[in-house]
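Chemist: The task is simple: from the sequences and hints, build the whole structure.
Take a look at the letters that make up each chain.
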Amino acid sequence: MRILTIACSLAALMAASPLSAQTLNVATAGDQNMVDYVKDYLGPMFEKSHPGVKVVSVGTGAGDSGSQKIYEKLDAQKSSATTDFDVVVIHQKAAGTMVKEGLLAKYTDKVDTAKLVSSESAKNALGADVSGFVIPMFQSQTALAYNADLLKSPPNSFAELRDWAKKNPKQFGYNGIKGGMSGVAFVAGWVYAFGGDADRLIKGPYDPAVKASWDGALADLKEFNKSVVITPGNAGTLDMLNRGEIAIGPVWVDMFYSWQADGKLPPNMKLKLASPGMPGQPMYYAVPEKTANRKLAEEFIALATSPQVQADGIVKKFNWYPGIDAKNLEGKLDQAAWNKLFTDITPSDLAKNAKSFPIAPYFNDILEGYEKKVSN
Amino acid sequence: MLSQRQLALILVAPGLLLVAALFLYPLGFSLISAFTKPDGSLTLDWFAKAYELYSTDIVFTVVIVLASCGLTALAAIVIAGTLTLGENPWIVGTLKALYRWPLFIPFIVAAQCMRTFLAKNGLMNNTFVSLGLMEPLSAVSYLDWRGIIATFVWKQTPFVALLLAGALASIDRATLEAGRNLGASRVRVLVELALPQVMPTLLVALVLSFVTMLSVLSVPMMVAGSQPTMLTVDMAFRINSYGDYATANALGVITYLISAGAAILYLKRGLSKEAAP
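Chains as they are written, first to last, in our numbering: chain R, 1 to 376; chain D, 1 to 277.
Hints may be right or wrong, so weigh each one.
To be verified - Listed below are several chain R residues computed to face chain D (Cβ distance under 8 Å; list not exhaustive):
(1) 227
(2) 230
(3) 244
What the hints assert, rightly or not - In silico lysine to aspartate or glutamate, EDC-like type, Cα no more than 20 Å apart, as pairs:
(4) 222(R) to 52(D)
(5) 170(R) to 135(D)
(6) 54(R) to 223(R)
(7) 123(R) to 112(R)
(8) 316(R) to 40(R)
(9) 110(R) to 289(R)
(10) 120(D) to 149(R)
(11) 373(R) to 45(D)
(12) 372(R) to 45(D)
(13) 170(R) to 144(D)
(14) 69(R) to 244(D)
(15) 226(R) to 135(D)
(16) 211(R) to 52(D)
(17) 295(R) to 149(R)
(18) 211(R) to 199(R)
Said to hold, decoys possible - Here chain R is said to cover these stretches of chain D; the calculated rule only asks that three of the stretch's residues, wherever they fall, bring their Cβ under 8 Å from a Cβ of chain R:
(19) 52 to 59
(20) 90 to 100
(21) 117 to 128
(22) 217 to 229
Derived by calculation from the structure, the hints in this document are not laboratory data. Quantities reported herein were computed from a predicted structural model and do not represent experimental measurements. In this text, a Cβ means the ideal position worked out from N, Cα and C, and glycines have one as well.
Modeler: Below you can see the structure in the form of structure tokens.
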């Protein structure tokens, strides 16, 4: 009987909670660290300035698949009065789709910090116009991590890397395209380097005939794959670097620095952004069109994109590049924390070699071309 | 007043409904989506795409699962045979205490353990090196198809051995004793006298293992790189990266067909009286 009473009151509580309107549900695609960031850092800060509000952080998983889950949920709730999520943190590919299908609210004119954003990616997500719908949470970048003891002069370009890998079999490792985005970024970089017109892939317009011109590059990649190691995932690449099993491999810059700070990577590891460059991508804060707490959601994003939080949370805690223009962080951050981000990869490297992912249709063509011509 | 028959139907109904709602409905749904275009017309396009992109992986999956089944059978026979016919009480006792452990460890944990165990500079190679059995330079990583097979065999052997040991224990000892008395070695008694009597059980256990291994996602994902990989990983990738349920379902149908071969074996055995797993 008592169990029944408890069960009933629990059910009643659960049914009642959406009505209280004081719970802010934040759904983040991305690794566990993103969920923890909202739960342990942003949430408590927001709750302090908004008494009575509770921030709930939900994670939907790493990579584009995490964003895909958020998309599917919002899509499924299209016809209901409100959605479960109030703030979503999503990748570029999903952001474009969600804006196109009217699942997101145009909110940035109500948030002051939107004026501090200067990056192109706040307007353009893989070819889709998202201006007004998103504010970047951070910008992340892929690069080649290498063991400086084993590799005195790291390759400066993809062509050098290709030759080096041939001479040093099984010393380069990456995770293919099914094991995480750093592998996808490497493949995109490969197509930029050997497939011809990289600029067109990034800026569009889309022409389905272009993919035929990648045949040579993909055949080369198949050949290249014979002398490299396919690692299990982003973390798998770092694991193998750490154990000294490979000498070089593509990784996310933020993950690299976090592992190094935790002592999971030896200090002799360094980063290199080889030309013509590798892609990076931002993650976006967005508000679903049908949120019940629109005002709260906007205030939450305003806090999350404020210079102080960007400095302390994004740069210092996670080694991400800030989502708002970096010049707004001046004075908020000590020099050491700032310099750390730019030791191996200098601002000029970034300016020259930090690329975007290709626009969505080319992106899918590259992935499918890889599956068809390289891995099968 | 309800008849006996109606009462039985009512009792079975919840279970049937559950099977229908949670298994038959999704199964039907995925079958339909694998064979239709978005506009509803019939097509085999998704199968063509699955073949074009994943033919290597289809072969890889079948080879991995069959090889794992073969090795599992071998290991299980050795373990179950030792347990039944072993004469050294110390060895039999230790084996008895140890062999069931992997049964209680989930696939995902096993995969994570193997990741550190089988790596090039992992626990296994490091042990060999420190024992002086191997040069550090000759160490190789087993984190590829060999890693997947090792994990599967490690995880499924206790299950098969458990069923097999039970069956072996229940056969008539007199025939085995007779074989021993006439001078046959223990290996010969096991292979020629005991195993033929428990073959149905062994087959059923292997069929169940086959279907289990076919459906595991975590092991190929965590232990090996993605080229080539097993169909479960490809299905997850189709859905997660493209939201492409049609091709994923086509791959699902291909998996059904592979496991149907095993299921037919199972049903044949299950219907004949001698098999009682």
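Chemist: Indicate, hint by hint, whether the structure satisfies it.
Modeler: Evaluated hints:
| no. | hint | in the structure |
| --- | --- | --- |
| 1 | 227 | 13 Å, violated |
| 2 | 230 | 3 Å, holds |
| 3 | 244 | 6 Å, holds |
| 4 | 222(R) to 52(D) | 16 Å, holds |
| 5 | 170(R) to 135(D) | 18 Å, holds |
| 6 | 54(R) to 223(R) | 54 Å, violated |
| 7 | 123(R) to 112(R) | 16 Å, holds |
| 8 | 316(R) to 40(R) | 15 Å, holds |
| 9 | 110(R) to 289(R) | 14 Å, holds |
| 10 | 120(D) to 149(R) | 19 Å, holds |
| 11 | 373(R) to 45(D) | 19 Å, holds |
| 12 | 372(R) to 45(D) | 15 Å, holds |
| 13 | 170(R) to 144(D) | 13 Å, holds |
| 14 | 69(R) to 244(D) | 13 Å, holds |
| 15 | 226(R) to 135(D) | 25 Å, violated |
| 16 | 211(R) to 52(D) | 16 Å, holds |
| 17 | 295(R) to 149(R) | 53 Å, violated |
| 18 | 211(R) to 199(R) | 14 Å, holds |
| 19 | 52 to 59 | holds (count 6) |
| 20 | 90 to 100 | violated (count 0) |
| 21 | 117 to 128 | holds (count 4) |
| 22 | 217 to 229 | holds (count 9) |
Against the hints set out earlier in the document, violations occur for numbers 1, 6, 15, 17 and 20.
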